[in-house]
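Protein chains: 2
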Amino acid sequence: GLAFRFVDPDASASAGAIAELIRAEYTSAEAMAAARDCDVVTFEFENVPVAAARELARNVMFLPPPEALEVAQDRLLEKTCFVELGIETPRFEAVASPEELDRALERIGTPAVLKARRQGYDGKGQSAIDAPARSRQAWERAGSSAAEHGFIVEQLVAFERELSIIAVRGRNGETRTYPLIENHHAGGILSFSVTPAPRLTAELQSVAADYAARLLARFDYVGVLTLELFDVGGRLLANEFAPRVHNSGHLTIEGAETSQFENHLRAILGFPLGSTRVPRPAGMLNLIGTMPERARLLEVDGAHLYDYGKAPRAGRKLGHVTLCRDTTDAVLHELESSKRALDE
Amino acid sequence: GLAFRFVDPDASASAGAIAELIRAEYTSAEAMAAARDCDVVTFEFENVPVAAARELARNVMFLPPPEALEVAQDRLLEKTCFVELGIETPRFEAVASPEELDRALERIGTPAVLKARRQGYDGKGQSAIDAPARSRQAWERAGSSAAEHGFIVEQLVAFERELSIIAVRGRNGETRTYPLIENHHAGGILSFSVTPAPRLTAELQSVAADYAARLLARFDYVGVLTLELFDVGGRLLANEFAPRVHNSGHLTIEGAETSQFENHLRAILGFPLGSTRVPRPAGMLNLIGTMPERARLLEVDGAHLYDYGKAPRAGRKLGHVTLCRDTTDAVLHELESSKRALDE
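The listed protein sequences derive, respectively, from chains A and B. Just so we're aligned: 226 in our numbering is position 226 of the first sequence, and the numbers increase by one with no gaps anywhere. Just so we're aligned: 57 in our numbering is position 57 of the second sequence, and the numbers increase by one with no gaps anywhere.
Read the hints as simulated data drawn from the structure, not as lab findings. Note that the structure is predicted; figures quoted are calculated from it, not measured. Hints may be right or wrong, so weigh each one.
The calculated label-pair distances, taken between Cβ atoms and stated as ranges, are [to be verified]:
1. A:Y306 - B:R141: 48 to 54 Å
2. A:G109 - B:E293: 35 to 41 Å
3. A:G187 - B:A17: 57 to 63 Å
4. B:G289 - A:E293: 45 to 51 Å
5. A:V232 - B:A17: 46 to 52 Å
6. B:A17 - A:G309: 15 to 21 Å
7. A:G289 - B:E88: 34 to 40 Å
Stretch by stretch, here's where chain B covers chain A in the computed footprint (C-beta under 8 Å, at least three residues) [said to hold, decoys possible]:
8. 12 to 19
9. 40 to 54
10. 176 to 186
One-sided and incomplete, this derived list gives chain B residues near chain A with beta-carbon spacing under 7 Å [claimed, not checked]:
11. V83
12. E257
13. F271
14. P279
15. P292
16. D301
17. D307
18. A311
19. P312
20. R313
Even glycine gets a Cβ: it sits at the ideal position worked out from N, Cα and C.
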């Protein structure tokens, strides 16, 4: 019962298949005009220019707040925000020259990773440093792409696994969190996710939910926010947050009583939030690079296929499959064997 | 990942909100042209003219088969089909005059109900006969509307409840059925449904599934079919079938592993069918006549709202709410109390 209008610089954006799509740059007059008669404007891509977000927020209800977008777009602001909020995060320092990098490495130690402050996802714009002697090499490898915005260097944590927590906050401040999700990567790209995360304890969930709640409160946030965490022997370190629905949260479509998408809409529209309960363990497998044969995916018991209708390209997320099982182990087993079958 | 094009004589049809909508009569040249470059054509409204269905079926893949539509549109063909397939149904006879009605009532007894052979749903075009002396009155009440197509008179069964079973058959003949649904009416219109039906036994499910399978096989059917049944002390009598997804099956959206809609598409596209398992009891409440305030509906724990975007009108189905609970009793309790709250 809701009507949508999408703005995207790419005329082939998937949203065009189900709603009005206006092809325009985010900062263009067309984008501003498209927003004018909307009840609320939101985004599901964190590289929307903050200037466009602020301009929109002056004219229409724009949620989540542009400040969350601004902080999420800059790794230095983001990590500083974690520290200010008492959210544990790997040690880090801003570095603007090879000399600063060397000095920072003395304090942080190696292994470390040099990251461009801005842009970059799925491991792009990042350069690992095994030993202090390799710092110049890392600087040069990383330097050209994003030097204008500067870098941070951070401790490369030997984490056991990556977890994510999806949280949602309504206009009235009501906050709900989904059970922690365990994420498995391949080649720096999210490959599959499962929820509730294996070996999930009440304490782990409570720490993650508390961290997410601090971020939501900090921005007077409205909508869905995702926090990525490293699990280091039961200690959670924040890696980054995304001010939007998240790839790892796609499993909420079938897995949770209310999907991350529905809850994002409920939040920004001022409706009561929906239950974030996960009645049965759920999983999601990304379809990357090439689209497998549909019938093969659909013959997996309980599988649901989401095909974004995008042109195949190496490393590109073209779709995903979700499924539920009676146990987390059974979900993981199915995801792993499906992934193996697709890789072959 | 599928692309849709809809044809409807009504330019305000709900489908227009999410896909291309061509406003045209079903039998028009525009409708035929719209179908030409589709991989498959289907329907979700059983009053599509059979002539249009047959014409389409000559030119494109058209599923389910037009014959199922033809039989479902005529109560005499439909009931005769039940009898031929060994599916129990209330006693009935075709009647073309008041005299034939009187003679039929001698065999069938009263109470009975006179029904137009064609058109009519939600109790329209029907006239109850309490006693033989009332037959002329019933004839006159029913007569004007649909006399051209004739009538049937059938035994008015004192049933305990109405059940429905949703079944789906793939292009390769694979057949699956959902658990029986219990339907509650108000003023002749479906008010709410719950699945699995309370006091559902393996035998009840097996009889219903067998009846549905006979119908599917009879038409070499592909897609979703719904069979409505009266439960008379554990004996099931077929009332009617619908060659389409069904209002009572809307609860499969959240309630079943694969919704009736997804399974209909899987079937007609030749994909493997999805699981029809219902992991948790599920319910559906129709929103009829006027649309309640959204926030009020959404604050019910686990509730999902479907608003068809239709103009309010007495007796019109404007949307529905689905929800799941841990027990069937809890679902029924929630539906009943929600309905009471809406009625007040």
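These are the hints, each one checked on the structure:
1. A:Y306 - B:R141: 48 to 54 Å: For A:Y306 and B:R141 the Cβ distance comes to about 52 Å; the hint holds.
2. A:G109 - B:E293: 35 to 41 Å: Distance hint for A:G109, B:E293 is violated at roughly 58 Å.
3. A:G187 - B:A17: 57 to 63 Å: 39 Å Cβ-Cβ, so the 57 to 63 Å window is violated.
4. B:G289 - A:E293: 45 to 51 Å: Distance hint for B:G289, A:E293 holds at roughly 47 Å.
5. A:V232 - B:A17: 46 to 52 Å: With Cβ atoms ~47 Å apart, the hint holds.
6. B:A17 - A:G309: 15 to 21 Å: 19 Å Cβ-Cβ, so the 15 to 21 Å window holds.
7. A:G289 - B:E88: 34 to 40 Å: violated, 55 Å
8. 12 to 19: That given contact holds, which follows from 3 residues of the stretch 12 to 19 of chain A lying within Cβ reach (below 8 Å) of chain B.
9. 40 to 54: Per the Cβ count (0), the hint is violated.
10. 176 to 186: violated (count 0)
11. V83: Check failed: Cβ of B:V83 comes no nearer than 37 Å to chain A, outside 7 Å.
12. E257: At about 5 Å, which falls below the 7 Å cut-off, the nearest Cβ of chain A leaves the hint on B:E257 intact, so it holds.
13. F271: Because about 5 Å separates B:F271 from the closest Cβ in chain A, which is inside the 7 Å limit, the hint holds.
14. P279: holds, 6 Å
15. P292: With a closest approach of 12 Å, the B:P292 hint is violated.
16. D301: holds, 6 Å
17. D307: This hint holds: B:D307 lies near chain A, its Cβ roughly 2 Å from the closest one there, short of 7 Å.
18. A311: Given a least distance of 13 Å, the restraint on B:A311 is violated.
19. P312: violated, 13 Å
20. R313: violated, 16 Å
Hints 2, 3, 7, 9, 10, 11, 15, 18, 19, 20 from the earlier list are contradicted by this structure; the remaining hints agree with it.
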